[in-house]
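Asks: Line order of the protein sequences matches chains Z and C. For the first sequence, the residue numbers in my numbering are 11 to 125. For the second sequence, the residue numbers in my numbering are 770 to 884.
Bear in mind the hints are in silico, worked out from the structure with no lab data behind them. Owing to the predicted nature of the structure, the values given are computational and were not obtained by experimental measurement. Wrong hints could be hidden among the right ones.
[Said to hold, decoys possible] Cβ pair distances, simulated, as ranges:
no.: 1; chain 1: C; residue 1: Met809; chain 2: Z; residue 2: Asn51; range: 14 to 22 Å
no.: 2; chain 1: Z; residue 1: Val39; chain 2: C; residue 2: Glu852; range: 20 to 28 Å
no.: 3; chain 1: Z; residue 1: Leu66; chain 2: C; residue 2: Leu884; range: 32 to 40 Å
no.: 4; chain 1: C; residue 1: Ser827; chain 2: Z; residue 2: Lys117; range: 19 to 27 Å
Idealized CB from N, CA, C, for every residue including glycine.
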Amino acid sequence: AQSVTQLGSHVSVSEGALVLLRCNYSSSVPPYLFWYVQYPNQGLQLLLKYTTGATLVKGINGFEAEFKKSETSFHLTKPSAHMSDAAEYFCAVTRSGGSNYKLTFGKGTLLTVNP
Amino acid sequence: DAGVIQSPRHEVTEMGQEVTLRCKPISGHNSLFWYRQTMMRGLELLIYFNNNVPIDDSGMPEDRFSAKMPNASFSTLKIQPSEPRDSAVYFCASSSKGQGSDEQFFGPGTRLTVL
């Protein structure tokens with residue numbers, strides 16, 4: 011079974027500051043890893059994903075994440091926060107290979123950006 | 770593209786009433802997911818369809834919940850009878866193949882309140 015732990019249910023940063031949202035996963039087999047973003051009153055939208063290959067993954071809106079197998083982590087970063095980044099962010103994991111459709115989501119991290 | 774369409778966006782009902790939530794997946798997608806989001810439990814997969822066939826309904830809370838997908842462009846999630854603890858946001862999502870690496874596209878959700 012897979013599991014995801016997002017450290018910090020709420021992260022607050024100033025506009026222009028570094029954004030770091032932490033995600034650690036547990037998986038008995040190589041994982042596929044995802045970050046989704048949810049804006050108020052909307053559904054989830056994919057930011058980026060890691061399946062195979064390069065461990066540093068770039069996504070939309072300037073976000074990136076690095077898969078670190080030794081640390082079982084997939085932290086999300088953005089060099090400079092913008093007010094429009096305020097949203098809830100979800101890390102998710104599934105097993106690699108085959109038709110493994112079942113995503114396990116973390117509890118989410120609410121990002122607040124202060125002017 | 771229209772994206773995943775859900776209706777209604779908001780539903781307020783009284784305990785004991787039947788509730789039907791509707792979803793139209795993205796055209797050409799053969800996998801459909803129903804999720805429930807609550808503060809306490811986060812995002813939970815209720816049921817997964819592939820090519821209109823229910824593959825995994827292990828997340829359906831109890832017999833009061835049922836889901837159908839009569840064709841590739843329509844699915845329903847029904848709760849009968851509804852209870853206050855069913856209050857949540859229900860999301861429908863679709864993906865092109867249902868494989869683990871696929872992006873899931875989420876609808877805007879239906880916010881259900883059971884009084």
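Asks: Assuming the hint says 19 to 27 Å, is it satisfied by the Cβ distance from C:Ser827 to Z:Lys117 or not?
Replies: holds, 20 Å
Asks: Please check whether Z:Leu66 and C:Leu884 have a Cβ separation lying inside 32 to 40 Å.
Replies: This hint is violated: roughly 49 Å between Cβ atoms.
Asks: C:Met809 and Z:Asn51, beta-carbon distance inside 14 to 22 Å?
Replies: The hinted range 14 to 22 Å holds for C:Met809 and Z:Asn51, with Cβ atoms some 20 Å apart.
Asks: With respect to the beta-carbon atoms only, verify the hint that Z:Val39 and C:Glu852 lie 20 to 28 Å apart.
Replies: Violated, at about 38 Å.
Of the numbered hints stated above, those contradicted by the structure are hints 2 and 3, listed in ascending order.
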